[in-house]
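Visitor: Sequence:
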Amino acid sequence: YPTIEDVDLYNNYASPCAGGVSIEHQGTTGREAVGFRNCIFRNNSCPINGAGIDMLRGSAAVVENCLFIDNKSNSSHDARSSKVPPWRPKRGGGTLTVFPTSRVVVKNCTFTGNRNGVDDSGIESIFEDCIFWMNNAPGGWLTAPRYELDIKDADGVRGCFLQGETIDLYGTLDPQTNVLGCPDPEFDASYRPQAPGFENAGYRPEKIDA
77 YPTIEDVDLY NNYASPCAGG VSIEHQGTTG REAVGFRNCI FRNNSCPING AGIDMLRGSA
137 AVVENCLFID NKSNSSHDAR SSKVPPWRPK RGGGTLTVFP TSRVVVKNCT FTGNRNGVDD
197 SGIESIFEDC IFWMNNAPGG WLTAPRYELD IKDADGVRGC FLQGETIDLY GTLDPQTNVL
257 GCPDPEFDAS YRPQAPGFEN AGYRPEKIDA
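The opening position of the sequence shown corresponds to residue 77 in this note's numbering, with each subsequent residue numbered one higher.
One should not assume that every hint holds.
As the list claims (entries may be wrong) - Derived Cβ-Cβ restraints for the label pairs, each shown as a range:
#1 Tyr89 x Ala220: 22 to 32 Å
#2 Pro221 x Val160: 34 to 44 Å
#3 Thr104 x Asp84: 22 to 32 Å
#4 Arg156 x Arg234: 30 to 40 Å
#5 Pro214 x Tyr77: 20 to 30 Å
#6 Val83 x Gln252: 27 to 37 Å
#7 Asp154 x Glu262: 18 to 28 Å
To be clear, the hints were calculated from the coordinates, so they are not data collected in a lab. In this text, a Cβ means the ideal position worked out from N, Cα and C, and glycines have one as well.
Build the full structure now, drawing on both the sequences and the hints.
Guide: This is the structure we're talking about:
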């Protein structure tokens, strides 16, 4: 259960899933979880799901202050992936994919420009103070509109800002504790949101720009 800090994971490819990172604890987590802090997941791809992070059954992770940008799940199939049934045959998988019996805690992260945001079939996941903005990258084998968040157990989603083709796939998000259809965050070159109201949400780079 390592903690990975201040790492850029970019331009990686894996088939069929997990372009950036694959996590598989097989139910041995207990109170343990792999950690990601101050990391950037950029331009990773895979034919099916989890272009940034793929969490297989019985896994746990904590993701804090990370940026997910231009990651592309559901890309073109290759010889290996064509033999695997699609995880989301109609809607496609997410940049972060959480399988059943897994759990993730995601805080102050930004997802933008990816092909789909997050698909979470896990249990008791938490998403706090995150930004999901226009995760509608074109291409791949998908025909359905892209989504920002595909989650059934949404009680732990709070303080998040979302906008895109399909904001809330299952209609499970609480509009009283989240901003659905948020305005443009007005990201700067380092993807810090500049628009009013986003002061406590989303990724902030640890290093100060020169």
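Visitor: To test your reading of the hints: which numbers does this structure violate?
Guide: 2, 5 and 7
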